[in-house]
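Work out the full structure: start from the sequences and follow the hints.
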Amino acid sequence: MNAVVMVIVPLISAILIYLVGALRIEGTIRAKFRLPLGLEVKALYILGAFTPMLLLPFASSGVVGGYPRAMGIEVGIDRVSLLFLLGEFVAFGSASLYVLSKVTDWKELSLLLLVHSGLIGAFISKDFFNYYVFMELSAISSFALIASSKEEGSKEAAFKYLMLSMTSSYLLILALGMIYFQTGYLNVNLARDLKDDLPVKIASVALMLKAGVFPLHIWLPDAHSKAKTHVSAILSGIAVKAPIYGLVLLSNLSTLDFLKPFALASMIFGVVLALMQGNVKRLLAYHTVSQMGYVLLGVTISPMAAALYSFAHATFKSGLFLSLGSLVDVRRKKELEFLGARDMPILLAIVLSLSLAIAGFGLTVGGVAKSALTDAKLFVYLASVGTAMSFTKVNYYLWRGHGVEPSMKTVIPGAVPAVIAFLAGIILGGKISVYDSMIILGIALFFALRTKIPRRDFLINVGISEGIILLTALLSSSLLSSLSLFEGS
Amino acid sequence: MIGLIITVIGLFGIIVNQSKLKQLLSLNIMALGVVLFLIEEGAKVGSAPPLKGGNPVDPIPAVLMLTTLVVDVAVTGLALALIMGGKRR
Numbered sequence: 001m002n003a004v005v006m007v008i009v010p011l012i013s014a015i016l017i018y019l020v021g022a023l024r025i026e027g028t029i030r031a032k033f034r035l036p037l038g039l040e041v042k043a044l045y046i047l048g049a050f051t052p053m054l055l056l057p058f059a060s061s062g063v064v065g066g067y068p069r070a071m072g073i074e075v076g077i078d079r080v081s082l083l084f085l086l087g088e089f090v091a092f093g094s095a096s097l098y099v100l101s102k103v104t105d106w107k108e109l110s111l112l113l114l115v116h117s118g119l120i121g122a123f124i125s126k127d128f129f130n131y132y133v134f135m136e137l138s139a140i141s142s143f144a145l146i147a148s149s150k151e152e153g154s155k156e157a158a159f160k161y162l163m164l165s166m167t168s169s170y171l172l173i174l175a176l177g178m179i180y181f182q183t184g185y186l187n188v189n190l191a192r193d194l195k196d197d198l199p200v201k202i203a204s205v206a207l208m209l210k211a212g213v214f215p216l217h218i219w220l221p222d223a224h225s226k227a228k229t230h231v232s233a234i235l236s237g238i239a240v241k242a243p244i245y246g247l248v249l250l251s252n253l254s255t256l257d258f259l260k261p262f263a264l265a266s267m268i269f270g271v272v273l274a275l276m277q278g279n280v281k282r283l284l285a286y287h288t289v290s291q292m293g294y295v296l297l298g299v300t301i302s303p304m305a306a307a308l309y310s311f312a313h314a315t316f317k318s319g320l321f322l323s324l325g326s327l328v329d330v331r332r333k334k335e336l337e338f339l340g341a342r343d344m345p346i347l348l349a350i351v352l353s354l355s356l357a358i359a360g361f362g363l364t365v366g367g368v369a370k371s372a373l374t375d376a377k378l379f380v381y382l383a384s385v386g387t388a389m390s391f392t393k394v395n396y397y398l399w400r401g402h403g404v405e406p407s408m409k410t411v412i413p414g415a416v417p418a419v420i421a422f423l424a425g426i427i428l429g430g431k432i433s434v435y436d437s438m439i440i441l442g443i444a445l446f447f448a449l450r451t452k453i454p455r456r457d458f459l460i461n462v463g464i465s466e467g468i469i470l471l472t473a474l475l476s477s478s479l480l481s482s483l484s485l486f487e488g489s
Numbered sequence: 001m002i003g004l005i006i007t008v009i010g011l012f013g014i015i016v017n018q019s020k021l022k023q024l025l026s027l028n029i030m031a032l033g034v035v036l037f038l039i040e041e042g043a044k045v046g047s048a049p050p051l052k053g054g055n056p057v058d059p060i061p062a063v064l065m066l067t068t069l070v071v072d073v074a075v076t077g078l079a080l081a082l083i084m085g086g087k088r089r
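Protein chains in written order, with my numbering: chain A, 1 to 489; chain B, 1 to 89.
Derived from the structure by calculation, the hints contain no laboratory data.
Bear in mind the structure is a predicted one, so any value in this text is a computation, not a measurement.
Note that the Cβ used here is the ideal one computed from N, Cα and C, for glycine as well.
Every beta carbon over 10 Å from chain B, so not counted as near; a handful from chain A, in silico:
| id | residue |
| --- | --- |
| 1 | G65 |
| 2 | M276 |
| 3 | A372 |
Incomplete in silico selection of chain B near chain A, CB under 8 Å:
| id | residue |
| --- | --- |
| 4 | Q18 |
| 5 | M30 |
| 6 | A31 |
| 7 | P61 |
| 8 | L64 |
| 9 | I83 |
What follows is the structure, given as structure tokens:
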């Protein structure tokens, strides 16, 4: 069975949900009793969301339709794609468990399935253009999902994300066009021997914006913190990894070493800003900026390192968003002071184990992924100390207060990634090392500097125009360096 | 060349305009520039339309261009809805 079936199932379910919802096939009895959502819609959603996971062992690589490679669209599941896919399944599966317990709108389920389909399609494609189409499918659905949040400012956040993301999309397709005109192919395995690395540079700057890497991360904190809990988990967990997969595909064409300074800057900047946030969802969003720096560093080392870290980050970030988000949804407040949960040992254990994973504890998948980053060790450990410090803050507030408790149904989805983070770590051969003392150092630093950490949110507001100026500046500097290299050689 | 120039004009439009609607229109101009670039480069090979017979142009850039147009239409609709939804409150 060709792997493309995994993409088609959620796509068809999304369309069927839309038809069932829009045509009101469910009948008048349901409307009479005001039942919130049709059972058939939920059944279709479960079908679309979980069938690809069951189909994964039977999926095979190949060119769709049996055409020769030069003519057709190739899809494939190698080890890199498999890790990205597993991360997608963990993040999307646990978010689906969460959404099924509280969803009231069928449109949202339809959009979520489109994101699911787009992400799977992007992660299995071995063709630049096919990858672009599927990434765009998931991106456009996620704009609508962010805007569907009731929170104030979510429309502005979605519009900013849309403008910045689409600008870089058009730059990306310009670059893909250049790759095609230079090599004659869009297939990753066939497109070789670029005349100059200009298109690779344009494409990687564009993909960097879509992945939310410093200094082009400006849309990310707003978009990810203002969306609903399950949407944040999917966006922060795995949707930002689709551009990273594009960078992995591009690394076949040319070396991407010039991205390393951005990766290091992103790691440190994200952690520093996260330390200064009191809003827990913004804090997690800034940690995504920092973690995307790790992933980008992985891209410059080897595709496997990037894939491993993407899987790790998808696991623990979706878990953190779901478990802390279930608390936020009950309390209706996002500030850490209002999020004490002393009386909920299960929630405390989940958050603690996920915090250990994100700080890189040796037994968890986070530690395994961090040991795969063999370059720039100093920055990796520096950022780890910051991450440990910031998550000590989260746990400190969680252990201190108490209040309304979320129901068990909404806490369990966060437990799934927590268990997977430890299981995957042990399976992949994680063990406790000397470097785990970094976490203890981070905890000690937090308690030493606790009174000095600002309590109010430290906000940096950058508009759309300024974002595009930054993008253009980065683009032109990379183009200039590329041109001078070209003349020199 | 003209395609690239129009793309840069679109980028410049997003930078200098503060109104959301004008920024969206600039984005459309940028998409138009990309479409023109693809058609222009693809047309360098042949002279006839990419149908059967004759000396056809390269069909792949035309396909890329079509997809860009579709994405552009979808995004414009969504962005207009977002602008209107923000104003109604």
